[in-house]
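From first to last, the protein sequence lines stand for chains A and R.
Counting from 1, one number per residue, gives the positions in the first sequence under the working numbering.
Counting from 413, one number per residue, gives the positions in the second sequence under the working numbering.
Incorrect hints may have been included.
Stated by the list, open to error - Listed next, the in silico SDA-like pairs over lysine to any residue satisfying Cα-Cα at most 25 Å (straight line):
#1 R/758 to A/191
#2 A/40 to A/213
#3 A/67 to R/786
Just so you know, these hints were derived from the structure itself, not from any lab.
Number of protein chains: 2
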Amino acid sequence: MEFEKRILDNGLAVISEVNGFAQSAAVGFFVKTGSRDETKQISGVSHFLEHMLFKGTEKLGPLEVNKAFDRLGAQFNAGTGEENTVYHAAVLPEYLADVTHLWTELMRPALRDGDFNMEKNVIKEEIAMYEDTPSFDVIDKCRSLYFESHPCGNSVLGTRESIDALTPKQMHDYFTSRYSPNNMTVAFAGNFNWDKMAELIAQLCGDWRRQNVFRETADYAGTIKAERIQKKNLVREHICLISPAVSMQDERRFAASLLATIVGDNVGSRYFWALVDKALAETATMQRESMDGTGAFYSYIRCSSENLQKVLETVKDIFENLDGKGVTEAELTTARNKILSALVLKNEIPMGRLVSLGFNWIYLGEYRSTEQDIADVKAVTVDDVNSLIRQFKPGRFTKFILGPDSTKTNQT
Amino acid sequence: MEFEKRILDNGLAVISEVNGFAQSAAVGFFVKTGSRDETKQISGVSHFLEHMLFKGTEKLGPLEVNKAFDRLGAQFNAGTGEENTVYHAAVLPEYLADVTHLWTELMRPALRDGDFNMEKNVIKEEIAMYEDTPSFDVIDKCRSLYFESHPCGNSVLGTRESIDALTPKQMHDYFTSRYSPNNMTVAFAGNFNWDKMAELIAQLCGDWRRQNVFRETADYAGTIKAERIQKKNLVREHICLISPAVSMQDERRFAASLLATIVGDNVGSRYFWALVDKALAETATMQRESMDGTGAFYSYIRCSSENLQKVLETVKDIFENLDGKGVTEAELTTARNKILSALVLKNEIPMGRLVSLGFNWIYLGEYRSTEQDIADVKAVTVDDVNSLIRQFKPGRFTKFILGPDSTKTNQT
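Using the sequences plus the hints, can you model the full thing?
Right, here's the structure in full:
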């Protein structure tokens, strides 16, 4: 594996990891923009814009875009989050230049008014669908309660109202300022010729105009609040808990992942043995989510209304025990094996390497090999995890519950 | 990549493909048994038995099994089909011996009466769940209509009645005759020491007793029938079409895959442009499913009752056109790129290689590298696909429709 990089004069970063033994190649365009970079007035514009890129350019209509990916046999996708909008494709090595060329065209979209107005309905349907998915909705609502006015609490999809009110001009302006080359990274992974790809990007993207780009990244302590909302159609209690954790730039992020795995991996964790194995909850998981300058632990638990009280007491016990006694060497060993195995399996394919490559560059401005990540996970000690518990106190969380309206248990 | 094999005295096949550059390793136990090897009296026993293996051995209880996989950080799973029951795990190389040892223990299960009776309810819940999933149910019902009394039409899950009536003795007998070492293949892929793993299997499985094992593999022409069933809770028409195709042993299987992709890939296919892009159907796909000695093309289409008639007419037109004019060079090129890219991406990870390795051995008794498969896909010509169409006539299908009971369109 060799790392290569080249920064164009307009600020566009081109990075790559060549693996001559791979049989495929992957390319990704990472745009450092997401819901946290939006104001209330344009809430949802990042995600909406991602949809609009597939509507094509002045030269290519939506149908031609579809056919072009199809002809190359490309496995492609895109996604928008709080902090990044990522476009990627995996292809046979001989089609990497063609699919890269296609993406560079899509990155300078036509943003036609007609497509914009049609696509509003697709976005509003997506909003409706997610509102009807309580496991998603409860996390969105809890995030908003936890982050309050901090931009990390912004919804990725936006609201029906913000989407309805959005104008083509607002999207154009957002596009111009955020899809600026100095706010983007192009990454390649797998089997390809680096010089050829770097030259291709320089040729196709060298004339993209640089803008001033800014992101507010102040850390944020988070609230400690509790709320419960009733919905008629629900038959289960959906619980989300959020507490502070480390940022993407924090070296303790591996220790934080180990802690989340010990507490809330989907099998064999403290949540699993105390809640799922005892049939108190149907599912109970905890994850570490690190962001630019801040981070949080997220728990999601689903149970019957009948068990709600007992589940909340058990969660309280789990965190009190954790705070008092810490984790054990045996727990750390099991969690380490799980994380290492997931890490290695994910990074064995060019698509997996691409994502690691891109995010390490965006958040850390550095290249990290899979071996470095493995070594860092292996180096975490019980003391590291326990000092994280003492400092971050994961039992002090903001809690949001979505539940049926007919329940007798209405305390939060 | 090096292929290695060793056949133990009791008939157990141990095969492997070592890839010194992989960072993980995978192991799989392939048992050549499934619903087609069952009689009506024991319908569903293969799948039920797969569940029972995780209940442990004389020495290991279900909880210990769970904890053992957990401790190794193993990503593991099992699945039962018409022809095979497969158990597999991917781990870091240093845990391959341990996870292999664990699987060899599970392959000689305790099959306790208490676990057997408890698990019946789990199986019956799974049957109920799939019956409530019309996209699954319609294929199951269509397969049964198409294969009639041929064992390939047997249901994998069985029925509530067959599961209720099943006795521990019947399962024991089935286990003894089917999980015989000469009916099993152990496969390894990824980064590991072949001699060490072959020796481990010889030590742990060398004393498994060989039995006489038999499978009926006569080819089958299939019926050309049509049926429609109404269900109150449905809001859409679910259509399944089945017609004859090539077996796993037939060299034309790559041409058959290309044909299915041209007709029914989920984007860019004839179905896509004529049905999905025109908003007549919500989804429309076709796949080639090859089996031991026989094979079939399966189509699944979902649409509103209002569009049903138009959809069926369009499908008729598609196949008439295909029969009369064949496929084009451009269609073949696009389909080839899609199949090659999916093939390469799947086989880039040890888990993907493991599955190819195992099935090639079971069905063909040979090793095939990814490169051989690529070459065979590339070698298929328009003439090959067109002669397949002339011979198999995919427009002559058995059709099953599951739809709402209030529809005005009740013709099938």
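Legend entry - Hints violated by the structure (listed by number, smallest first): Failing hints: none at all.
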